[in-house]
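**Q** One-letter residues, chain by chain:
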Amino acid sequence: MRARRIISRSPRLSENLKTTPLYAAHVAAGARMVPFAGYSMPVQYKDGVLKEHLWTRENAGLFDVSHMGQARLRGVSPLSAFEEVTPGDFIGLKPGKQRYSVLLNKQGGVIDDLMAARPDDDGLFVVVNGACKDNDFKVIDAELAGQVRIERLEDRALLALQGPKAAAVLADHAPEAATMVFMDARAMTAFGTDAIVSRTGYTGEDGYEISIPASEAERVWNALLADERVRPIGLGARDSLRLEAGLPLYGHDVDETVSPVEADLAFAVAKKRREARDFPGATRIAKELAEGPQRKRVGLIVLEGAPAREGAEIADEAGNVIGVVTSGGFSPSLGKPIAMGFAPPALAQVGVRLKVIVRGKAQTAEVVAMPFVPHRYVRKL
Amino acid sequence: MRFTKDHEWVVLEGDVATIGITAYAAEQLGDVVFVEVPEAGKTVKKGEGLAVVESVKAASDVYAPISGEVIEGNAGLSDTPETVNAEPESAGWFAKLKVADPAEFEGLMDRAAYEDFLSTL
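So the protein sequences, as listed, match chains A and B. Quick note on numbering: the first sequence equals residues 0 to 380 in numbering that gives the first Met the number 0. Quick note on numbering: the second sequence equals residues 0 to 120 in numbering that gives the first Met the number 0.
No lab work stands behind these hints, which were simulated from the structure alone. Owing to the predicted nature of the structure, the values given are computational and were not obtained by experimental measurement. Built from N, CA and C at the ideal position, the CB exists for glycine as well. The reader is advised that the hints may include incorrect statements.
Stated by the list, open to error - The calculated SDA-like cross-link candidates involving lysine to any residue, where the alpha carbons are at most 20 Å apart (straight line), are:
1. Lys50(A) / Lys45(B)
2. Lys137(A) / Ser79(A)
3. Lys50(A) / Glu38(B)
4. Lys335(A) / Thr79(B)
5. Lys360(A) / Ala57(B)
6. Lys45(A) / Glu86(B)
7. Lys45(B) / Met0(B)
8. Lys50(A) / Met0(B)
9. Lys45(B) / Asn84(B)
10. Lys360(A) / Lys45(B)
11. Lys360(A) / Glu38(B)
12. Lys137(A) / Gly280(A)
13. Lys335(A) / Thr119(B)
Unchecked claim - Residues of chain B clear of chain A, computed beta-carbon distances all greater than 10 Å:
14. Val32
15. Ala58
16. Asp100
17. Ala102
18. Met108
19. Leu117
Can you make the complete structure from the sequences, with help from the hints?
**A** Structure below.
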């Protein structure tokens with residue numbers, strides 16, 4: 000047995016991997032560590048991916064996402080400056096709120112997806128993908144130098160607490176968090192330290208992301224794990240959870256060639272910005288909004304056979320290749336393979352039967368609405 | 000039972016070899032969610048792909064540790080792939096082969112050699 004994609008390799012020193020402040024805690028908890036985004040990260044703990052996944056859907060899962068990039072954008076008017084590199088309405092972003100957005104290149108392709116928040120009066124707080132962070136901040140700096148200063152928060156850890164019991168668990172440590180709703184973000188004292196808490200996540204569940212000083216990370220991690228409702232969850236289950244939630248993964252479902260419209264992220268292009276057409280790649284994006292894109296990100300349920308993974312071709316019923324799977328795997332919640340990929344709009348309709356080609360075999364798949372598993376965000380208290 | 004460095008095991012009874020993956024491999028792979036076993040009649044040479052085993056995250060090839068003609072794939076695994084995790088070195092077998100050259104079997108590691116090999120990983 001040889002793994003095509005290595006999931007079990009122990010990181011070697013020669014790989015020069017970075018570690019998060021929780022590295023020792025992961026190893027002590029029996030995590031299997033793998034290289035990810037330049038870091039040695041836990042892919043799973045002792046329970047394994049399936050159990051970790053289902054635990055998060057039923058209880059509360061704790062994730063170390065400290066490899067992601069955190070920064071403050073400060074300046075005279077960082078909100079309006081940020082609109083020069085994203086299509087979101089950041090001038091209209093109220094204190095205490097967070098937005099999902101994308102960094103765009105001049106062709107309207109996505110450089111990265113990100114979260115930007117106003118947890119306090121101190122400019123914008125942004126969280127970007129770990130593998131993209133150096134380039135993201137370089138791009139922002141190149142475009143907005145003189146308008147914003149980027150202060151990278153390398154001395155902070157980031158935890159995600161996700162699942163239906165997350166709110167009750169966190170309320171014990173941060174009572175203020177219980178009064179937040181989806182996409183709220185607030186600076187507060189939690190666990191006896193300064194924290195930036197947002198009621199967001201990337202699993203489709205209710206939950207929080209919690210930024211804390213790196214020096215407090217292990218203490219906070221252990222305090223949360225002391226709660227019997229909480230278990231540590233690795234990158235393996237993080238990936239299957241976000242896939243079930245229909246959320247794109249940067250570098251797989253979205254990249255610099257893909258526009259937000261093609262990626263089914265048109266909601267990130269704010270109404271007033273659509274009218275103003277004042278963001279990078281606005282010509283292409285406005286055209287796609289008006290006429291429809293050439294290809295569209297779709298969800299597929301594989302009705303027979305093996306999971307269709309990234310790179311598997313998608314064909315129409317006549318066997319013509321029409322697209323490619325960008326992420327796919329086995330859905331623990333549904334008990335069957337699911338996938339995301341790109342298809343022409345005519346074939347991107349719910350109910351359309353397609354084929355996914357896995358190891359030369361054409362297997363029947365059906366286009367379904369995403370998310371595959373309903374989101375359980377708390378939008379109102 | 001004999002073993003390969005790719006973590007397959009082989010049991011030879013007469014000229015019929017039963018093939019699976021080791022407990023170590025099953026543990027490394029994690030939760031098995033899909034197994035593709037070969038159909039009877041397929042001939043394989045030693046080192047060629049024999050089956051595919053998939054965990055939640057990844058697909059892995061299982062190579063024929065020995066040459067021969069497939070006489071049976073373990074059809075039960077299509078409904079209960081988790082058998083590979085539960086009983087990797089018995090009920091979780093993948094295929095039975097009518098072997099071409101029993102000498103290939105003799106060239107594989109015995110349990111002690113395999114365990115020595117595991118200790119180097």
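**Q** Are the hints correct? Go through all of them and say.
**A** Hints and how they fare:
1. Lys50(A) / Lys45(B): Violated: lysine 50(A) and lysine 45(B) sit about 36 Å apart, past 20 Å.
2. Lys137(A) / Ser79(A): With Cα atoms ~19 Å apart, lysine 137(A) and serine 79(A) stay inside 20 Å; holds.
3. Lys50(A) / Glu38(B): Distance ~32 Å between lysine 50(A) and glutamate 38(B) Cα, so the pair is violated.
4. Lys335(A) / Thr79(B): holds, 13 Å
5. Lys360(A) / Ala57(B): holds, 18 Å
6. Lys45(A) / Glu86(B): Within the cut-off at roughly 19 Å; holds.
7. Lys45(B) / Met0(B): holds, 17 Å
8. Lys50(A) / Met0(B): violated, 32 Å
9. Lys45(B) / Asn84(B): violated, 25 Å
10. Lys360(A) / Lys45(B): violated, 23 Å
11. Lys360(A) / Glu38(B): Measuring from Cα to Cα gives roughly 14 Å; hence the hint holds.
12. Lys137(A) / Gly280(A): holds, 19 Å
13. Lys335(A) / Thr119(B): Outside the cut-off at roughly 37 Å; violated.
14. Val32: Violated: least Cβ distance 4 Å, not greater than 10 Å.
15. Ala58: At roughly 6 Å from the nearest Cβ of chain A, alanine 58(B) sits no farther out than 10 Å, so the non-interface label is violated.
16. Asp100: Fine: 22 Å to the nearest Cβ keeps aspartate 100(B) off the interface.
17. Ala102: holds, 23 Å
18. Met108: holds, 15 Å
19. Leu117: Label holds. Min Cβ-Cβ 13 Å, cutoff 10 Å.
Of the numbered hints listed earlier, those contradicted by the structure are 1, 3, 8, 9, 10, 13, 14, 15.
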